[in-house]
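> Chains as they are written, first to last, in this note's numbering: chain Y, 1 to 222; chain D, 223 to 892; chain F, 893 to 991.
Certain hints may be false.
Stated by the list, open to error - Partner residues aside, some chain Y positions facing chain D, computed with beta carbon under 10 Å: (1) Leu90; (2) Gly97; (3) Ile104.
Hints are computed from structural coordinates only; laboratory data are not their basis. Note that beta-carbon positions come from the ideal geometry of N, C-alpha and C, so glycine has one too.
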Amino acid sequence: MSQVLFFLTAIGALTGAVGVVMLRNPFYGVLSLAFHLVCLAGLFLLLRAEFVAFVQVVVYAGAVMVLYVFVVAYVGGGQSLPSGAVLRVLGPLFAAGLAAELCIAMLGSALQGIHSRGAPFIQGFGTPAHIGKLLLTTYLFPFEAASILLLVAAVGAVVLARRRRGLEGDESPPITVSAPRPAYTGTMAEAAGVRPAGHEEPMEPEGESVGGPPRTTTQGGW
Amino acid sequence: MALTTFAWLVLLFPLLGTVTIALGHPRLPGRSAGWLATAAIFLSFLFSLATLISLLSRDPTHRQVTSSLWSYDFTAGLDARMQILVDPLSVFMILVVSGVSTLIHLYSVSYMWQDQGYRRYFSYLNYFVFSMLLLVLAGNFILLIVGWAFVGAASYLLISFWYRRTTATRAGLKAFVINVVGDVGLVLGTFFLFRHTGTVGFLKTFHSVHHVFHTNSTDLVAACLLLLVGAFAKSAQFPLHTWLPDAMEGPTPVSALIHAATMVTAGVYLIARMHPLFELAPTAADVGAAIGGFTMVLAATIALVMTDIKRVIAYSTMSQIGYMIMGVSAGAYAAGLFHLMTHAFFKALLFMAAGSIIGAMAGAQSLDRMGGFRKALPFTFACFVIGGLALSGLPPFSGWFSKDDILAFLDHRGGGFLALGIIGYAGAFLTALYTFRMIFRAFFGHAVYEATELEQGHLAHADVPRNPLTGEEEDNDVGFPGPGHFIAEREFPMKLAMGTLAVLATVGGLVQIPGVDSAVERFLEPAFADSRFAHTQVSTGAAWVGLLIGALVAVVGIAIAYRIWVGSPGIAVRARERLAAVYQFLSHRWYVDDVIDLLIVRPALWFGRLVDFVLERVVIGGVVTGGPLGVVRAGSVAVRRVQTGYLRYYAAAMVICMSGIAAYFLVAST
Amino acid sequence: MAIGWYLAVSAIIFCIGAGGVMARRNPLTILLCLELMLNGANLALMAFARMWGGEDGQVFALIVMVVAASEVVVGLGLIVALYRRRLPVDVDELSELHG
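This is chain Y alone, in the form it adopts within the complex (with noise of 0.2 Å):
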């Protein structure tokens, strides 16, 4: 049973990988790249780690994956660039190449150093429970460090892909028009129908002007 899931997970998630490199679509890619997670994720279960499986799940193709087709909307998908000459081959073979290589290295000769059966299953192995107590205890350091590289991260984001003022010219001074108005309009005193009595003369004006040149005020006009 096991190994027909191996074998459709695997299935799976090659399926995706290569949807991701040959679509022509980023946003097909980023959808082809979550079933390739899903599918990794299940290879995990297989692997017997239910924590990391759901963070897999969670963290990867739930948040990161959104990340991305939140910034493939705002750039687009662009139009569909022809690969570049040279490497559109020889970059496929290449990486036929390494693949050979890797392959041979772990199936020809490496493998005698491998167990095949693995170790004996302890109760609670991949169990959150474990994996944070190892966080806590032997890799406290790893841990923290990770929390300052997300920290980094999240600020040199925020400062790569913010609006620089005055680069692009986004904003300009505000216009102010300090229009003079009869005394007590827009007060309490109007709206009550008070009037001061023989106060013709004019009071000064409470324009709001936000950062805009100051006008000079002409007498009278109140």
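Starting from the known structure of chain Y, arrange chains D and F on it as the hints suggest.
Using the frame of chain Y, we list chains D and F on its own:
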């Protein structure tokens, strides 16, 4: 204070003066730099007097004292120290040097006023005095060479003082290059000596020289000849004399100090100091005397036809130094040094007076343009006459006693030296002739425009400042002479200095009258006690005969000069036409300059150009630096092509290399 | 399954990712292929963790995921900035860092 402390202080004050003026020159207004420099040298002179008194208070047999501040080096058997030697010879020299220098500094305070380089001048002049004092006080060869080199440097700095004048800078370079030739001789001579004696201290060398060398051994003769090369370069003797007339491009007080009274006498001092070596190598001493005699005649004949007043006096210096070198090479140490002292007095006086008349002429120096200044410049005229009479050797002036002292000794030694003595009298005749030619032409005869103006009280000014030699236009900014022209009659410091020297030139000879007193000789005796000629005495009678002949020769010379240049001036013109070839030969300075130019200067320049084209550009530029440069450039061009900027190629490169590494490990593990 | 199978799958995924990085021009796609490579490595890590019986490999894989996430964030920020400045979003055009 101790004797040697006084001596060190003598050295200290000029050095302090130099450094203070050099570093503090922005804060020295007006003439304060000049007064400061004069005060420094005057203090040095006072301490020289203190050294003298302290030395005299000692027993005559203990009058050679050394003192060292620190030692430089004790390796390989070389005992080099910062050591001075205080003995009668060095005290004599420091007295003369510091005394005359004080007076010349005093003169310069007025003379160099309004020159933009006033402070620089006094810094250089103090530096020169320090170097000269170091030279004469040196107690070992190392310090002597140091002082020698410093003096050469100071001479260069002061000759090309007006550095925007091409003639001055060229003259400075010429003086320096010839000085370097002398330096090489001096250093090589020192090495030759050191190789055998193993020491560089003077006293140790002199004590051991008898054990190490035998008479006229080749190495010793070679060493002494090399030392003579050094002496001749510094004292402007044939064939290294060509720099001295050109050195007149410097300011007149510089000519007075360096090229009359002090630096050019360094060669005489050297031979006198090294007398144990020269006495053990008579061949070298004879060569020295011969060349001294030859230069004396050479210079005297050229001075007869020179028209630039300063060059006449320069050649006269060369001639008189010839006398001194003859004297000390032959063994007349006291006489030669006595003449050094009196010569310092009257030659400095003559140069100062020449500076005064040049000031009256607004910078012009040619005798052709001077005449009839007797009424306009009475004090200067008197100084000229006193100096001229002392130079010609007329009684009772100082030059009479000193010059004939030397000649009497030469006659006494006999043989080849007698011949040199007779040539010396001929030289004395020529000396009187050219000296009074100069005086009669400048002060007698028809008064020129500048003289008549000056009689009415207007000092002449040049509209456009000009180079006195070539006539090209200049200005009065830094690097050229200042606008002021000064004459002795109007400037008190100049008058004071010249007056002091005039008095000294008159009475200075009275310290060594044959048969009456011999102060100089007795004073210098401890220094020359080990000389072969220590007990050679010229009889009083022979000395007085010599003095009378000298006086007679001088009077005849003056009389002939009077007849030619004052009595009937046509004679001079007619003689020049009749002896045109001789005149040509003399006015081209015996063609020595041209010969040196042809034989040495041009080949050196040609060789330099050859080295530039072949060695510098082709070999070094092309092969040595060009080769590796080209290789590196080509390599970097090749490497640069890898950096294409395309991300995908970089990625491909990474993948390929990764595959390569994996393949390697794969293969290696099988 | 024998562990060799998992390792073979991991190697193939990795190499597909590498080929994609070399062959595509859109930086978004290149980033996606980079993710593929990381996932291939993760799978190998998990396989060995199962083989040796300790969870160290799984922790390693977790941290690799964290790193991959940060790298994606920064890379996407770069692409957004590129797009904002109206530069061509094409790695063959962006080649000014050359020698």
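> Look at each hint and say if it fits the structure.
Results for each hint:
1. With a least beta-carbon distance of about 7 Å to chain D, the hint placing Leu90/Y at the interface is held under the 10 Å criterion.
2. Contact between Gly97/Y and chain D, as hinted, is supported at the beta carbon level, the nearest pair being about 6 Å apart and thus within 10 Å.
3. Interface hint status for Ile104/Y: upheld, as the beta-carbon distance to the closest one in chain D is roughly 7 Å, under 10 Å.
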